[in-house]
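Number of protein chains: 2
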Amino acid sequence: MEDSSNVSEEYPMKGGDGPNSYAKNSIQQKVVVDATKELLRKAMKEKLDLEPFNTFHIADLGCSVGPNTFFSVENILEAVIFEYQSRGPSSEIPEFQVFFNDHTLNDFNTLFKSLPQNRNYHAVGVPGSFYGRLFPKASVNVFHSSFALHWLSRVPKNVMDKSSRAWNKGRIHYSNNQDEVFKAYQAQYAEDMECFLRARALETVHRGLIVLNLLGLPRPFVEMVAFDILGSCFLEMAGKGVISEETVDSFNIPSYFVSPQELEVIVERNGCFSIERLETLPQHVVKHGARSASAIAKAAASTLRAAIEGLIKQHFGEEILDDLFSLYQQKIEEQISIYESKTPFVLFVVLKRKTN
Amino acid sequence: MEDSSNVSEEYPMKGGDGPNSYAKNSIQQKVVVDATKELLRKAMKEKLDLEPFNTFHIADLGCSVGPNTFFSVENILEAVIFEYQSRGPSSEIPEFQVFFNDHTLNDFNTLFKSLPQNRNYHAVGVPGSFYGRLFPKASVNVFHSSFALHWLSRVPKNVMDKSSRAWNKGRIHYSNNQDEVFKAYQAQYAEDMECFLRARALETVHRGLIVLNLLGLPRPFVEMVAFDILGSCFLEMAGKGVISEETVDSFNIPSYFVSPQELEVIVERNGCFSIERLETLPQHVVKHGARSASAIAKAAASTLRAAIEGLIKQHFGEEILDDLFSLYQQKIEEQISIYESKTPFVLFVVLKRKTN
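Residue numbers (UniProt numbering), protein chains in the order written: chain Z, 1 to 356; chain L, 1 to 356.
Chain Z with its partners taken away, still in its complex shape (with noise of 0.2 Å):
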C-alpha cells in the first residue's frame, strides 16, 4: 500500500488546545455542523440502506483535533441509531465503529484526549491523506467530511515556476485572478478530487455514503477576499522589508473554492457515485449575526490563523505571526463590508455508491 502521505502535502490546523488552537478556534465550522444537522438527518432517512450489519463503520476525514468532529459524528450516529429504531423492535442496532482521520501530523495526542466521555461508539484514529487509500475494501458505510475538502494536496507546480505562464508573482492565491493561475489550481482540485473518489469507491460499502459540507464560490466570481486581504498584508510587510518579495512570490495558499457545477461535473466523471444532494447552504444559516466590526474581524484572524499558521510559519518564520494577523484584522475591520458581501458558501453534498 502506498504510505499517501508520500503524494500529498501536510499542513494540519493548529494543535493542542491554546489561545490559537484549531481547537478553540472553530466556532464558524461549529454553527454549520449544527446547520445541517437537520439536512444529515433527512439523508439519513432517504439515502441509507441499513442492513444489518455486525458493525457500522463511519469515518470522518480531516478531523483535526475536535471538538467539531464530535458534533459531527453524534448527528450522524444519532440520525442512523433513529433510523434502526424506526424499523421496530427487531432491528437490532449494530456496534458503532468511528475513524477520525487527518494527516500523519495532526496532532492527534489532544484528539485523542478530547474524546466524549460517555460516547456509544469505539474510537480509532487514521493518520494518512484523503486524497490516498485509508480503509480496506468495502468497509466504511458513511464518510463524513467538512471544511477539509477545499485543502489541496499540493500548491500547483506550475503556480511555483517562474518560467511559466501560471507563476503567481507578487499573490498568494488564484483568487481575482481569473487566468492561468486560476487553470493551474483548477486542473489540482480536479485531479485531487478524482483521487479522493476513486480510493472512496474502492474503501465504501455497496450503496454507502459519503456526507460532505464543502467551502464553495459560485461562478464566474473567483474572489476569495480573505485570501486578498492576506496577501495585501503579506506585500506591506514586503514593502516594509519586514520579509522579502520573494518569499512572498514563492508564497501560496493551496485551497480551492468549487462551484456546485464544476463538482458535479467531477463526480459523473468518476462514475462511481450518484448525486443524492447537492445544496448551496442559505448564507444567513453560517454568517456571524449581528455582530460589530471589530467582533467579525477578530473572529476571523483567529478562525484563519488557527487554520493556516502552520503554513505560514513553515515559509516565513514564526516571527511574523502575530504582526501579519493583527493587521489582518485591522484590514477586514476596515474592508468589513465587502468582506462579509463575498464570503464563500457552504455546499451540502451527499452522494451514494452506485452498485457496479
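Treat the hints as calculated values from the structure; they're not laboratory data. Heads up, some of the hints might be wrong.
Where chains are identical, the list cannot tell them apart; a pair therefore holds if satisfied intra-copy or between any two copies.
Unchecked claim - Straight-line Cα separation of at most 27 Å, DSS-like style, residue types lysine-lysine; simulated pairs:
no.	residue 1	residue 2
1	K47	K30
2	K113	K137
3	K157	K113
4	K298	K352
5	K47	K113
Please arrange chain L on chain Z, whose structure you already have, making use of the hints.
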C-alpha cells in the same frame, strides 16, 4: 460504551524520540520480538484458521510509540501472508488493517510519524485501556501484545491503605515479600486479566488468536531484583532528605509477574479460550549477551527509566529523575551477578477463541 480510561490508570511509556524515550530505549524488548519470530510463524501455521476474509484485522495491544510494535506486526503479517500463499493461487490474500492500541495518554503523534513508509497494511490508532472494550464484536483476527500485560490497571487499593495488613510501608512493590502485599497484587492481576479476557472474547473472531509475550517469574520466587534495587535507591534518597519517607510509603509500582501455572488457571476460569502454547523462552535468548557489568547496568537504567519515568515523575516530581537513575545504575553494577541471575523470564502464549 464505557470509556475504559475511567476504570484504569494511565502510565504510558516515555514519548517522543529523545535520548530517554521508550522509542530509543526498548532494545531489550526488540531482542524478544526477534526471538519469538519463529514461534509466531509456527503458531500461525498450526493454529490460524484462514477463512476468505475481505479484511484481516490485527491488533497490537500496548503498542507504545514504536518501533518494536512495527516489527511485531511485520512478523505476524509475514506469517499470515505466508499461510495464505501456501494454500496455492486460489486463496486470495486479503487486505490488512492493523490497530495500534495504547493508553489515551500514549504518544500517538510519535507513533504515527514513525509508521513504516512502505507498509502493506492500513494503519489505525486505538486509544484506551486494554482492560476494557476497544473493538466491535467479533472484529479482530489476531491480537498481539508484547511486554504490556505485566502492567496492572492500578496499584491494589489495600497496598496504599495504612489501616490494611497489606500496607506496603517503605517498599515500592511486592517483590521478595510473599505475604499480604503479594496477595493483594495477585488478586488485582487476576481481576485485570479476567477483564482483559472477557473483552477479547467478545472482540475476537470465531477461532481467532491471541499471541502474548509476557514477563513472568517462577514460583515460589516472587523476587524482582530490579524493583528491590530501585526501592533501596528511594530509601537512600529519603535518608538524605531528598524525598520524604511518606512519599516512598505511598509509591508502588503497579506491575505483576505471573507464573505459567497461575496464568493457566486464569485462562481456564475465563473459559473462552483454549491454551495452544504456553512456554518459557530459554534465558539465553533474552539475555544481554557477553557485555560488561557497566554496559548492562547502563542499559538496565535506560530501559527502566523509559518505562516508568512518567509514573515516578507524577509522584515524586521531575527533579529527582537524573539522580535516581544514576544511583540505580550504580547499584545494579555493584550487584550485577544477582541482577543477572534473577531477571524475569519471557512467556510465549498462544490462545485460541473457542467455538461457543
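Now for the hints, and whether the structure bears them out:
1. K47 to K30: within (24 Å within a copy, 50 Å between copies)
2. K113 to K137: between (29 Å within a copy, 24 Å between copies)
3. K157 to K113: Close across copies (26 Å), not inside one copy (38 Å); limit 27 Å.
4. K298 to K352: Neither. Shortest intra-copy (39 Å) and inter-copy (59 Å) distances fail the 27 Å Cα cut-off.
5. K47 to K113: neither (34 Å within a copy, 37 Å between copies)
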